[in-house]
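> Residues per chain, in single letters:
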Amino acid sequence: MRISLQEARDRIPQRDTILETTVRLMVPFIQLYGLYVIVHGHYSPGGGFQGGVVLGASVILFALAFGLPASKRYLSESTDIILANTGALIYTGIATLCALLGGMFLDYSALAKILPIDPISWHSHGIFLVEVGVGMGVTTIMVSIYWDMASAGRLDEGL
Amino acid sequence: MIWQLDLVLLLLVVFCAVATITVKDLLSATIIFSAYSFLMCLLWAEMGAVDVAFTEATVGAGVSTIFFISAIFRTTRRSKD
Chain A
847 MRISLQEARD
857 RIPQRDTILE
867 TTVRLMVPFI
877 QLYGLYVIVH
887 GHYSPGGGFQ
897 GGVVLGASVI
907 LFALAFGLPA
917 SKRYLSESTD
927 IILANTGALI
937 YTGIATLCAL
947 LGGMFLDYSA
957 LAKILPIDPI
967 SWHSHGIFLV
977 EVGVGMGVTT
987 IMVSIYWDMA
997 SAGRLDEGL
Chain B
30 MIWQLDLVLL
40 LLVVFCAVAT
50 ITVKDLLSAT
60 IIFSAYSFLM
70 CLLWAEMGAV
80 DVAFTEATVG
90 AGVSTIFFIS
100 AIFRTTRRSK
110 D
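Residue numbers (the numbering used here), protein chains in the order written: chain A, 847 to 1005; chain B, 30 to 110.
Keep in mind that the hints were calculated from the coordinates and are not lab data. Be careful, since some hints might not be right.
Now the stretches of chain A that chain B is said to cover, found in silico as 3 or more residues with beta-carbon under 8 Å [unchecked claim]:
no.: 1; stretch: 891 to 897
no.: 2; stretch: 901 to 913
no.: 3; stretch: 986 to 994
Label-pair restraints from in silico Cβ distances [to be verified]:
no.: 4; chain 1: A; residue 1: G939; chain 2: B; residue 2: T51; range: 46 to 56 Å
no.: 5; chain 1: A; residue 1: R919; chain 2: B; residue 2: V81; range: 34 to 44 Å
no.: 6; chain 1: A; residue 1: I927; chain 2: B; residue 2: A100; range: 20 to 30 Å
no.: 7; chain 1: A; residue 1: E866; chain 2: B; residue 2: I101; range: 19 to 29 Å
no.: 8; chain 1: A; residue 1: P965; chain 2: B; residue 2: I60; range: 41 to 51 Å
no.: 9; chain 1: B; residue 1: I50; chain 2: A; residue 2: P965; range: 46 to 56 Å
no.: 10; chain 1: B; residue 1: E75; chain 2: A; residue 2: L878; range: 23 to 33 Å
no.: 11; chain 1: A; residue 1: I928; chain 2: B; residue 2: I101; range: 26 to 36 Å
no.: 12; chain 1: B; residue 1: I101; chain 2: A; residue 2: R870; range: 19 to 29 Å
no.: 13; chain 1: A; residue 1: D964; chain 2: B; residue 2: E75; range: 32 to 42 Å
no.: 14; chain 1: A; residue 1: I960; chain 2: B; residue 2: V37; range: 52 to 62 Å
no.: 15; chain 1: B; residue 1: V81; chain 2: A; residue 2: T942; range: 23 to 33 Å
no.: 16; chain 1: A; residue 1: D1002; chain 2: B; residue 2: T105; range: 18 to 28 Å
Even glycine gets a Cβ: it sits at the ideal position worked out from N, Cα and C.
Could you put the whole structure together from the sequences, leaning on the hints where they help?
Here it is in structure tokens:
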């Protein structure tokens, strides 16, 4: 069910201009930080899980301020489920691909048979690819858990 | 490792942990638990486990608090005490 932003806003009983403006300013920076954490996860603190949680928290923050229907305009339910499953598929797919190419499960150096670069640098790139999958999965599942818990499974209105 | 900072953080962690299980109101317990998670995050970071501290900050202090609050909003108080 797709509704207009005005209609979504009208469903919230009390609106607060300060809250909405603050969230509108904060969400892009939180998302940028989450992407930074995911992309730099393989050689610095952080990684797919932490970055995914930060990205999910940005959508949850938006849903808290603007209401659950407004957040579903930007990340619809079907997109959420597709991204979650794609993330899990990227993780297990790369791991299984390593096993099929003669290495062990999650043995990234076996991927050198597809793209011939140094097996040692494949360790770094393989972890990066897996982190992207984990990040996609965690982001969408966190948002999904919030939607389900805040609306008691009906997905119509938030807190 | 600065032992004075360690001592202060550990004392605050113990205080928050005891307060979480003794306070009556569920919402207050959730907020104190969030403070507990943040102090644990500071403790992890101080001990050099930056990755664990990051997870504690995002999951413990951030998202799980929202989940707890959204669960509390769906509960009702049976007895009036």
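> Of all the hints numbered above, which does this structure not satisfy? Sort the numbers upward.
none
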